[in-house]
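S.K.: Protein chains in written order, with this note's numbering: chain A, 1132 to 1477; chain B, 5 to 292.
It cannot be assumed that every hint is accurate.
If you want the footprint, here are the derived chain A segments under chain B, 3+ residues with CB under 8 angstroms [claimed, not checked]:
1. 1340-1353
2. 1396-1408
A few chain A residues that face chain B, going by a derived Cβ cut-off under 8 angstroms, partial list only [unchecked claim]:
3. I1207
4. F1209
5. H1213
Worth flagging that the hints you see were computed from the coordinates, not collected in a lab.
All residues carry an ideal CB built from backbone N, CA and C; glycine is no exception.
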Amino acid sequence: MDIRIVNIAKDFGGTGALRGASLDIRDGELIALLGPSGSGKTTLLRVIAGLEIPSTGQVLFANEDATNLPVQHRRIGFVFQHYALFRHMTVFDNIAYGLRVRPRATQPSRREIAQRVEALLDLVQLPGIENRYPAHLSGGQRQRVALARALAVEPRVLLLDEPLGALDAKVRKDLRRWLRDLHDRTGHTTVFVTHDQDEALELADRVAILNEGRVAQIGTPDEVYDTPASPFVMAFVGDTTSMPVELRDGQATFAGKRLMADIIGSAEGETLLYLRPGDAVLVKPDPDDLAGTVLGVRRTATGRRVHVRLDPTTTEIEIEAAASRSIAVGEAVGVRILKGRVFDGK
Amino acid sequence: MRDARSSRLRPVVAETPLARALLIAVAVVFLGIFLIFPVFVVFAEALRHGFGAFLGAFDDPDARAAIRLTLTVAAISVPLNLMFGLAASWAIAKFDFRGKNLLITLIDLPFSVSPVVSGLVYVLLFGAQGLLGPFLKAHGIQIIFALPGIVLATVFVTFPFVARELIPLMQEQGSGEEEAALSLGAGGLRTFVTITLPNVRWGLLYGVLLCNARAMGEFGAVAVVSGHIRGVTTTMPLQVEILYNEYNFVAAFAVASLLALLALVTLAAKSYLEWRYGGALATAIPRR
């Protein structure tokens, strides 16, 4: 089912407010709502669910206005950040709950319910734990039970609030892959909220980045990473470093030296050039390149992150170098900018 | 550390064996003098002239009426306070509304007000010279010096017990499970009955036990409101006072022993619940 969110505003008198967020969600896609704390992503998810009513704006489910439809009637499946499993019920009763609260007429028989619960437990790869209580499950197991419970009611859309947030790193990575696999198998339209950009980029078909209650950009992971719409998006989605340059007719100069870099975007005059640490390289000191002094070196999983001061200014940037290079603090280096991005008016 | 050697042999935060013994002794003596001894005396005095005299105290129709009245008052007040307490706690814990803090303060009011004042308030409101006195008289409704007044006064003084037990429990539990139930299609009432209530059942039972014990034992507020009409508006605590003032000691202590017995039964029930359902009690409070 596709969902249209039109200009939603919601105020709590503080953080988490939405200030005119609009979004189109396509049927069957896995879309991530990504943003820092307080950007309004969880609020937006809850507005879609019907757990919050917006002050203005509309939510349309398959072109029907669902803005004032109570949450019970929206046929959504919600997985809460801390799972909210019913602590006094067994796993079986938890998953069966949505089926048992249906009116008598549409309620499946006891046998059908039992079959469905078992099928769901198989789907989430937790066979045999029907009679356990939530308190006796691990975090990863609880998350999967919460998912099974949400899927039991055959929702039109699955809404996940930081589904992997409460888990430790290793479990999180395993479940990421598993979640994507589950989505591919079941095909539910799924919206999930996260503040972890790696997670969003790895899992989602499209990513919607929220900032201060508005949608800053929507696009595929490639689009938001390679063609960010603003410095905020660029910095949030991946490591970013910046340096002040003077831009004239597409030609950038820094501290008087011309930069031979590819400049994407157009702006005139003094502006900031944004680049990823891999968009610049360290070379032997050369009069044609920028001169720099190494201030610090950090080992990362993929190589070395080098903190360089661009002499003779006070500008400092971060550059990615190969792990095989040995770089000493205080070393004099040459810096060559390969490409960078400027943003109009920002 | 004076005794360096022994301090190496025990945990740093443990007190010395002497300190421990002293503290336990103080606690035991205190409990013994102020709690156990008086309760013991009640039973001893009740049985002073033998079991026959003890049972004879309950042949008295006034004593019987007092017991019936106490039971009736409790049977009305406790369920009322159960409902009020549940409703108030639910509203306070799950919602935000204007006047919420005022409500919380008001709930604690009966604890800070003298029971005599509580009873007096009702006399001033519903008594013959009270605010609503003429209105009630005109319609033939008797509140003061009758059962309704006693129930009102009892409800007032025992109101906080259920609410105070449930509010922190419900606040700690949050609304997550209720939201989950709603998202799965359950209506408001369904959610309350299948999710909210079961989660607070032990706190509720505690609150009801305490409420009941106080309802049966209340003296001050009921004394002001009841008018001491023997055989009609005397509850058990009032009857004990009347009997004692008439120098009918055995009978007084006999009725008092019933109240003491109630206290012991309440304690035993509480302990049993803790022992039997301790695990469930622990999981009622979420561990993040």
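S.K.: Look at each hint and say if it fits the structure.
M.R.: Okay, the hints, checked on the actual structure:
For the region 1340-1353 of chain A, the assignment as covered by chain B is violated, since 0 residues bring a beta-carbon within under 8 angstroms of that chain's beta-carbons and 3 are needed. Remark: the region 1396-1408 of chain A is not confirmed as covered by chain B, as 0 of its residues place a Cβ nearer than 8 angstroms to a Cβ of that chain, below the required three. Satisfaction of the interface hint for A/I1207 is found here, the shortest Cβ-Cβ separation to chain B being roughly 6 angstroms, below the 8 angstroms cut-off. Annotation: A/F1209 was flagged as interfacial toward chain B, and the flag holds, the nearest CB pair being 4 angstroms apart, inside 8 angstroms.
With a least beta-carbon distance of about 7 angstroms to chain B, the hint placing A/H1213 at the interface is held under the 8 angstroms criterion.
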